[in-house]
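Each chain, letter by letter, is given below.
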Amino acid sequence: MAEECAASTRFARERRTIAWAWIALLLLMLTSLGSAYAKLGPWNMVAGLVIAGIKAGIVAWLFMRLREAGVLIRLAAVAGLGAWCILLVLSGVDYATRTLTPTDVQRPQQLPPAHGAASQPR
Amino acid sequence: MSSATLAHPSVDEKQEPGTGKLGMWVFLASELLFFGGLFVAYLYGRTHFPGGWAEASRRTDVLLGTVNTAVLLTSSAAVALAVACEEDAQARRWTARLLSLTAALGIVFLLLKCLEWHDEWREHLVPGPDFALHAAGAQQFFALYFLMTGLHGVHMICGIAALGLLARGRSRGRAWAGARELEVAALYWHFVDAVWIFLYPLLYLVDRHG
Amino acid sequence: MTTDALPASYLEDGMSLRSWLTTTDHKRIAILYALSITAFFFVGGAAATIIRMELATPAGDLVSNDAYNKLFTAHGVIMVWLFLIPSIPSVLGNFLLPLMLGARDLAFPRLNLLSWYLYLAGGLITLEALLLGGVDTGWTFYTPYSTMFSNTYVVLTLVGVFVTGFSSILTGLNFIVTIHTLRAPAMGWFKLPLFAWAMYATSLILVLATPVLAITTLLVAAERLFQIGIFDPAYGGDPLLFQHLFWFYSHPAVYIMVLPAMGVVSEIIPCFARRPVFGYDTMAYAILAIASVGFLVWGHHMFVSGQSLAASMTFSLLSFLVAIPSAIKVFNWTATLYKGSIRFDAPMLYALGFVGLFTIGGLTGLFLASLSLDVHLTDTYFVVAHFHYIMVGGSVMAYFGGLHFWWPKATGRMYPEVWARIAAVLVFIGFNLTFFPQFILGVEGMPRRYHAYPPQFQVLNLFSSTGAGVLAIGYLMPLVYFAWSMGRGKAAGDNPFGAQGLEWQARSPPPTHNFDAPPVVPARVYDYQADEPLPEAAP
Amino acid sequence: MAADTDATLSSGFRLLHAAASAQASRTDALFLAMLLLCGTVAIVLLVLVVWFSLRYRRGRQVDRTPPREMKGIEVAWTVTPLLIFFGVFGWAARDYVTMADPPADALPVSVVARQWMWKLQHRNGRREINELHVPLGEPVVVTMTSQDVIHSFFIPAFRLKQDVLPGRYTRLWFTATQLGEFPLFCSEYCGSEHSQMTGRVVVLSPSDYGRWLASGPSEPGMAQYGFALFRQLGCSGCHDPRSTIHAPLLEGLYGRTVHLQDGRSLVADANYLRDSILVPAKDVVAGFAPVMPSFAGQVSEEDLQALIAYIQSTHARDATP
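Here the protein sequences line up with chains F, S, X and H, keeping their order.
Each residue of the first sequence is one higher than the one before, counting from 1 in this note's numbering.
Each residue of the second sequence is one higher than the one before, counting from 1 in this note's numbering.
Each residue of the third sequence is one higher than the one before, counting from 1 in this note's numbering.
Each residue of the fourth sequence is one higher than the one before, counting from 1 in this note's numbering.
It cannot be assumed that every hint is accurate.
[As the list claims (entries may be wrong)] Here are the in silico distance ranges between beta carbons for each label pair:
1) L66(F) <-> D516(X): 39 to 47 angstroms
2) V46(F) <-> A135(S): 20 to 28 angstroms
3) L36(H) <-> Q458(X): 28 to 36 angstroms
4) I245(H) <-> C114(S): 51 to 59 angstroms
5) R59(S) <-> L213(H): 51 to 59 angstroms
6) T40(H) <-> Q458(X): 28 to 36 angstroms
Just so you know, these hints were derived from the structure itself, not from any lab.
Heads up, the beta-carbon is just placed ideally off N, CA and C, and yes, glycines get one too.
Can you build the whole structure from these sequences, using the hints too?
Pasting the structure below:
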């Protein structure tokens, strides 16, 4: 008997967290929508991404149960995020510090003919 | 030394509790890198052509986008509830219904998405010779828009198929539709939802006040 | 050969084609991989032979320039994705990992079979693209040439690469979960053989880097079919964005190719020197360091490509850091030989060859990591020689060493020792004769991927082409005597080389469920005694 | 550092190609330092491996008591390479930075790379194809862009290369320190004739350079440009004397009377050449099949004139291959 009521209280608690998480997600979505209409300039993107980060955090922490997951599962999640950040940060170093002197592309008069290749293999 | 008991993973990995979940999490890490490449391309475009991208983003249908996001967040909550119900003796009977609800919400999402794509196709927003907008980078935005939402759509279809199968298996009490398989499928669904959570602001909310 | 009391070995456990093609036994899947990558190895090798014959003379007179471009692309694509990346992980890793961990099979046996079918599908698609007319963009698919100016089968090849990449992601996933969950209970992380460590680190890279290749091929295909304007400057795209995404995968990919080789060598040298590996913990940390720092250095491929100065400086510094763990490993292998009792069987010859050639490959990598030297040396034959020293001198030598070392375990028969040693020496000589002249060609400024070249480079190119002939013979010999040994090789005992490791506690060839009795995990890993006499099982 | 250090091991054999620019001597110095450093490390390791292999081979009676664990040596051979690497990184980075910013008074040359040729233009409009004349001892900055794919402007003798990208400018600067002619390569794969996209850099004394710059026509040799097009459009595939395809020879065609398939005969003038390129089936030469594809829509006016100028320039020299 004892473990049943323990299980049912656990289920009740679980149900409550899911409900609250769901409401929080919807509210965050609306704030994100609202923030887009405010004139924040570059901060629009930052706000959008921060709110999305919080929503994704809720989904991962509660729905995907990272809260109770072992260190191994958390490591897997962090490893994926970390690798992507490396790609972003280091290619960002290039784009941030590149002195770009763009010029319009001087298209040649015509694309070099494919030496009479009838079909254009794709 | 104690003689090592031989770990006997029988043909399907039922024996070892953690392998399925760990396997899915490692797979989701690779999926995160898969979408990550697209997000890097997006950030390149947006930082180099803010004007063109803002104008192009205003042509996306923010209402449908927001409704779709709500639908997907609800479906994510539903599948989380299904996983919780599966672990509770009394509530187990709700699992199959909640899974079907999640799959149904997924289908609703895809239908709204196709509707949105059709509108954009009609307004000549599909990159090509007769592309409507002429701002620098606008065509690039819509190209990435279709690529990202298309790729996300493909992942949705896989998720809906998996959840549908599990719902049917669960309602018929099949062995392969147990709590562990359900949790793994739910992890995948939450990931697809998390990707959309990032797609929503990046594609629809670039610049609404302009 | 197996006493009838014990169950049949995995080879005789059902000989029908169906049993082989629907097997989920990791050992059979390893054999399926071995056969398929050997086939692709000889296709890629054939392309290499024609290239070397073409380059024997300055004028481009053997094949037309388009044919030459398609040949070196085919050589690159096939060797990288269809041979090198799957070679050690999918063949030796698949076969040995469960055995080394004392497990019955990998964590997801059916996923393992799916990996092979995906690999085969990807390989056949790539081969089809080749037969239809080939692709001439180089294995690097640089835009805007690959997206706008090449009228060859680029998209079809990219689909092949995408599918093969997906197969290697699944293999990586399988290995990571297996090493985490299916180790024998007494086998802690620091009792894992270094080969298992290498498989773990390689799998991390496979899982975290290959998806970026997949999305890059998708973007190139989309750009080529629908002009999405991500890489095409006319629509505001940036060709360097492609290079960033491509090299983010492709540099860790070269560690995917060399780390398993390091694992194999770390198993062979202690066994034939009868000495525990020098500094086991450092070696394990070095493997993880190579895998993780390997993600930070891709920009050294782009020093002259128009990348910003600050980015080039950052990547150059990080590239020097990634050289440290590799240096440590080479020092540790050399130190392992100290006070050993060294035997020069074929696996040991290949392993020592690996140490020598990988050292030269690694050191020349330092030349390319230094910024001002790279401005002169990149895109020349210096780079071609550098990566061939690491991939062919390193990974292929170690792969052959591993094949010889575990051949008795896989087939229950010994390979012919004398012929194997001749082949090893021939490969070593042929390799050096082929690729060392290319270092000098690179310093003198001969650019890469040239169909015809100025006459002053001919002498060294002639050396290189003759060396390629010797190398080709060296590679053909194992094909012959391995086939011979399948039929009439001497029966090998369960542990012909007196090696440590759980795989040697199983029978040769092992039964389908690997161990008749649960293996005993030794207290210390690589517990070799140099001074005790060797069991006389070996010839 | 003498201006033109040559690392010549023996008199004949030249390890390093002639160093003909200020940057080249600095790069060569670092190259030699690295060669010595890495060479010693490689030799030390080789000697160790061979010595251990011989001394401790199986069956040889020698002391094999296992050595005690030496943590110190492991730290040593981690920290020492680290310090050396920082040194090398700093040296190389210093040179790289000087390569990256050209002096203000450098002589500007603009380069447009297109599939399989280099088009260069000097300050006063003097244009060249696949050739670059530069003065000795004066810094020259080359500003480059590409019309199609990525190329790479590579001069081995100057130890310099720089990729040339479409849609943006990239720069490369040097100070030539040796007179003479040095090969120019394209070192980034750019398609079928990547290996033909070569040229030369000619270093003249400042006075000769001044005379050369002022004298030549501002237009590049139209015939030169025509010849490059003749090859690039594939005409040489058929009309080249060595070609296996049965096509009329164009050497010295201009001004010759041509007998056509339908019995007519006419003098091969510019219009005839122009029509034969755009509508080949109109005037088929006697004894030849009308298989030539039309190039209408693929060649602009400027290309046509260049092709015709090229054919004019071939005036009846004997068609030796």
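(message) So, against the hints stated earlier in the document, which numbers end up violated here?
(response) none
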